[in-house]
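Undergrad: So you can see what is in the structure, the chains are spelled out below.
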Amino acid sequence: MAAVQDSAVAIGGGAQARPAAQGRWASLWTKHGAGYMFLLPWLIGFFGLTLGPAIASLYLSFTSFDLIRTPEWVGTANYVRIATADPKFAAAMQVTFLYVVLSVPFKLTFALLVALLLDRGVKGLTFYRALFYLPSLLGGSVAIAVLWRQLFAGDGLINSLLAQFGIEGPSWISHPNYSIWTLVVLSVWQFGSPMIIFLAGLRQIPTDMYEAASLDGASKFRQFYKITLPLLTPVIFFNAVVQTIDAFKAFTPAFIISGGTGGPINSTLFYTLYLYQEAFGNFRMGYASALAWILVLIIGLFTAFSFLTSRYWVHYDD
Amino acid sequence: MTHRISRRTVLAGGAALLSYAAFAPRAFSQEARLRLLWWGSQTRADRTNKVSELFKKANPGVDINGEFLGWSDYWPRLATQVAGGNAPDVIQMDYRYIVEYARRGALAPLDSYLGSVLKVEDFDDVQIKGGSVDGKLYGISLGANSTAMMVNTVAFEEAGVDLPTPSTTWEELARMGVEITKAGKRKGYFGLSDGSGVEPLLENWLRQRGKALFTADGKIAYDANDGAEWFAMWQKMREDKACVPADIQALDQFNIETSPLSLGKAATSYAHSNQLVGYQAINKDKIVLKSHALINKDAKGGHYRKPSMFFSVSAKSSDPELGAKYVNFFVKDPEAAKILGVERGVPESASVREALAPSLDELGRAALDYVSGLGSLVGDLPPPPPSGAGEAELALRSVAEQVAFGQLDAKQGGETLVNEVTQILSRG
Numbered sequence: 001m002a003a004v005q006d007s008a009v010a011i012g013g014g015a016q017a018r019p020a021a022q023g024r025w026a027s028l029w030t031k032h033g034a035g036y037m038f039l040l041p042w043l044i045g046f047f048g049l050t051l052g053p054a055i056a057s058l059y060l061s062f063t064s065f066d067l068i069r070t071p072e073w074v075g076t077a078n079y080v081r082i083a084t085a086d087p088k089f090a091a092a093m094q095v096t097f098l099y100v101v102l103s104v105p106f107k108l109t110f111a112l113l114v115a116l117l118l119d120r121g122v123k124g125l126t127f128y129r130a131l132f133y134l135p136s137l138l139g140g141s142v143a144i145a146v147l148w149r150q151l152f153a154g155d156g157l158i159n160s161l162l163a164q165f166g167i168e169g170p171s172w173i174s175h176p177n178y179s180i181w182t183l184v185v186l187s188v189w190q191f192g193s194p195m196i197i198f199l200a201g202l203r204q205i206p207t208d209m210y211e212a213a214s215l216d217g218a219s220k221f222r223q224f225y226k227i228t229l230p231l232l233t234p235v236i237f238f239n240a241v242v243q244t245i246d247a248f249k250a251f252t253p254a255f256i257i258s259g260g261t262g263g264p265i266n267s268t269l270f271y272t273l274y275l276y277q278e279a280f281g282n283f284r285m286g287y288a289s290a291l292a293w294i295l296v297l298i299i300g301l302f303t304a305f306s307f308l309t310s311r312y313w314v315h316y317d318d
Numbered sequence: 319m320t321h322r323i324s325r326r327t328v329l330a331g332g333a334a335l336l337s338y339a340a341f342a343p344r345a346f347s348q349e350a351r352l353r354l355l356w357w358g359s360q361t362r363a364d365r366t367n368k369v370s371e372l373f374k375k376a377n378p379g380v381d382i383n384g385e386f387l388g389w390s391d392y393w394p395r396l397a398t399q400v401a402g403g404n405a406p407d408v409i410q411m412d413y414r415y416i417v418e419y420a421r422r423g424a425l426a427p428l429d430s431y432l433g434s435v436l437k438v439e440d441f442d443d444v445q446i447k448g449g450s451v452d453g454k455l456y457g458i459s460l461g462a463n464s465t466a467m468m469v470n471t472v473a474f475e476e477a478g479v480d481l482p483t484p485s486t487t488w489e490e491l492a493r494m495g496v497e498i499t500k501a502g503k504r505k506g507y508f509g510l511s512d513g514s515g516v517e518p519l520l521e522n523w524l525r526q527r528g529k530a531l532f533t534a535d536g537k538i539a540y541d542a543n544d545g546a547e548w549f550a551m552w553q554k555m556r557e558d559k560a561c562v563p564a565d566i567q568a569l570d571q572f573n574i575e576t577s578p579l580s581l582g583k584a585a586t587s588y589a590h591s592n593q594l595v596g597y598q599a600i601n602k603d604k605i606v607l608k609s610h611a612l613i614n615k616d617a618k619g620g621h622y623r624k625p626s627m628f629f630s631v632s633a634k635s636s637d638p639e640l641g642a643k644y645v646n647f648f649v650k651d652p653e654a655a656k657i658l659g660v661e662r663g664v665p666e667s668a669s670v671r672e673a674l675a676p677s678l679d680e681l682g683r684a685a686l687d688y689v690s691g692l693g694s695l696v697g698d699l700p701p702p703p704p705s706g707a708g709e710a711e712l713a714l715r716s717v718a719e720q721v722a723f724g725q726l727d728a729k730q731g732g733e734t735l736v737n738e739v740t741q742i743l744s745r746g
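Chains as they are written, first to last, in my numbering: chain D, 1 to 318; chain U, 319 to 746.
For reference, chain U alone in the conformation it holds in the complex (with noise of 0.2 Å):
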């Protein structure tokens, strides 16, 4: 409210008694006004504002702007917004992000409104988790996904290669992807996309193995072994022509767009499930979802179900209770489910996701199959990533590049990997 008072001081002040008398009756006969912030597509913004609307014709007297930006744009615009104390009351949050912000105290903790206006009782118990930093609830999750192989069906058809199954291992992938090359059905096509900067992909394969990219206590949870092992794997794919090589995979700027399957590169890519629908929307061919590959036919719990993002109320909102029931709304309302869709990942509420399946078009569909059905290569939820982590990742891909390019071999890539991340980490 901060922007009423001083508007309404400037104006007294001032000579513009006249605007005064303008403005004075829309500023005072608001109740109350939400200010959202969210990253996403144009799609995402749509499905938003309906439900806003939605929410203000329940709540009469309720004013809600609404606002979005795109993924790489949006943490620089969120950190201004909340250093120049005028952070939006509802922040769309990421895993990723929640512990830094909820350590430096821009979340409202939201204990207090569990059972009265947050009714997210059917809630996983580990999606609640997830949203915990320090004991404490700042977020709540807007749906879960989990990190999946975009794979081009027309491709591995014209090329006879059958598609990659829930048990296909790295070795038979690797097999795949060269056969797709060999067969030369398009110009400068390439079995895979090269996942060696790929964090998520990573930490899928280091699970496997029974570690994790960080431990609890925000550490590095894998050695300069793990990390040559895995760069080697990739050098031979590169060699065997298996995945794309360096200097295309160096245009994924990691969004759907430049990803090397949308720029008609290459037959997979590495993201996560939610995703689906973006990446159909701009590739003509049919995509799939697939399981990540297996560093052997035993492996099991790579991939985890992860709270795709979350809802957090600011800690300077000037009616948090308000926010906490605006979010509620947005996970629980089973009109608002319907027009969310599972854009945003598989929404946690079973009641909602009952409501919703009816309604749900073939690829939501798949997405919430593909989710759902993981099975045993689900394993636990890993504890959130530490400060550092976005630095950490960036840290991976520009590695990942120098083995790539050829600058590192793959044993100097995990020991460099190792040092730069612990360094980071130790930074905070």
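Chain D on its own, in the form it takes in the complex (with noise of 0.2 Å):
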């Protein structure tokens, strides 16, 4: 409750007089009680769920921690031990960085063509936004994962359908050269919330822009690059963040299809994979604590990075 009530503080108090304490408490209760009543629950989740076990969580990579027993402080030792003798740590960034290079722009054009292609009035539109969102709702799931891994296996779909052309594929989700790209595919079929996002951005752009650039004679693709992409800017800027950040927590596929392992040879070693490796097959939950907080400062220097680079490419006038 304490944190509740400075919160409260902290919003009301600025533009108050300032009145006796005790009258103060008062009036603020029965100017915001209501609203923080009803902001409630939110709170709690947001203090209980949320914020308090980050804390926790900050605490923790600084000791060392098996579960079980009490936690050891050992200072920044863990930190160091990331950034001087983990090999495994090297590998899972490595691996996920190629994932996240891969998986988001293959993504975002997939879901801005297909965008474009339903802008232009087809037939039982909102169907095929349905239809084309559906993968989005379902693919971070576990059967998901459980099926693509029985379309790429050896005797997969997949190798079936490369057989009617007489090619014989390897088993793309257990071959350490290909099994990466299984996840990326993976990942791009789920193309279904950037693409409903670029819809809409896409009816935001004025038609008579367009009938202007045909009057001038502009061809499609012209009108495309000149007017569609620059007025869509914000639009891309918004998913690109949003799904540079979902693919470096991307855990669920690579656990599915790899049992866990993140193998072969770690090649599916998600940086989150190895992070439950470490917490919960090795029992050093301190070190993986200390691994969830590497893994926020480089989603923040990322999204940092985009946001400082966003002001040469994202256009906000119309």
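By construction, these hints were calculated from the structure, which means they are not laboratory data. Yeah, the Cβ is synthetic: ideal placement off N, Cα and C, and Gly gets one too. Hints are all accurate, no fakes.
Incomplete in silico selection of chain D near chain U, CB under 7 Å: (1) G154; (2) P176; (3) G259.
Reassemble the complex: the two chains are provided individually, in unrelated frames, and hints are given to aid placement.
TA: This is the structure:
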């Protein structure tokens, strides 16, 4: 409760005159009390389930904690080990960056293409919108990852199709050269949610601009390049940031497809999967907490970088 | 009992007096409550729950809550429950983890119940030792098993190859593998699974050479040469197509469902004897248990009778004696034994084995005969694996894959493996 009242002061207090402390609390309560009561479920969730654990994990990241005995303060030892003596951290980083760099551009391009097609007044638009959005809803689920495993296994559907053309495919999911690609394809397949946002963005672009452009004899491609893309940059920016963060946090597909091992040969060892292994497989919760905070830092840096560079390519004026 | 107290405080302090009245009679009428947690299949859960019902009938006033998960979800769940001070009273424990949990003070020592509540006098001494850590008893073995080769008899027959025997050597087994692959009776089918990343199999091979995976004080007990020879042997089998190629073996997540045998890719797989029930359940062809191949005709002692799993009692249990009582019922009651069969391994108690024998089905019989008929192939029980053993197992798997996919040669594989395992064990 103390935290709730503090934030009430922080928000409501500044604008008020300064009556006696007692009266001030009372008047604040009558003024804002009902609002905070309505907010209470969310506040409890935020402090109890988000902020509290986050602070706890920051503390744990400076300890050696095996989940059973009490945590033991070790200072920065966990961070030092991450930086200097953990080849698996490097491997996980590499896999994760590769995944982000491959999956985000492919997914956004694909989402934009589909959005452009749907924007052309297709019959039954709502049906297609729903249909294409479906994978986004299902995509993170265990069932889909299992299905993906079936599709890309040595005798799965993909190889049966290839066999029609006389090509003998490997077992895609269990070969270190290809396994990451099956996860990228899975991610691209979940293009629905950026697609919906693109579609909304496309609808915002005034049609008279296109009319004027075609009167001036601009080709479709030139219209796309000169009108659609620039006016869509805020939406592209938003999608890119959200999808990048999502890609950094990807866990389920790699966990299911590799059976939790990150194999073969660490080729699907996503960062979060390695973190999970350290925490629950090897009983190193302190170390895993440090890994988690490094991830927070990396995502923060990426997002900050995106925002800093955005002023050079994102157009908000119209 | 933390549960009940917290509920009571919350309710008493809160406004929900009505619900207090509704909950109270139930909360106070229970004399005792036991929570169980185990890993395993639905079959195991059904058998376990039936035994709990029996125990409840024999002990009125006791309430039992059982919960089960798959192996890989089990350990994270148990670790978080123990960390949260919410551990179940009776915990299914594995030989691999008992040292970690016992040394960290999560398990209750059971020595004081021996003879009074726990009547395990007719257990093998070895099995009692297997559940002991630093001289104290932390786990009661639920049965014995041994590593085994699962063999698809139909695939062997189709290819006209005789089944392996207890005196089959690795060379002979490799030749059998080649013949089955060559016979080509099934599409994309190979003679053997690739066992290079299977730790119990490596252990069996090392023990025949007079070595082991770990020393008693938790260090690595083999060297880079052993590793190199091991990988070279499998490398040759891959080249000769005696075993499956790397990308098929990598599908194996080391459970029954994804083994090359169950996927219809190979005629053998490497597992534990009590898993025969599970293997047969999802394979149409008849599966039999065979001992592992020998390094030479005179090799001995590669196998051992392993406590397949234990029941331990939580150090935080409010009623450890009741927990011990339940465990004793589980391993000693003849009615319970009939329900449980050999699904968790061959029972340790001689009297229970006798009572059980007539009621066993064919599969149970086969598992029992296998474990008791290993003869001179059985050696001493190795010390419990040290902390970090789980990580070492993953390392073996990863290095074996690097060799199989051609990223390392056998010699480099041996060196890498020994380096990684040494490092993991030194970190503990």
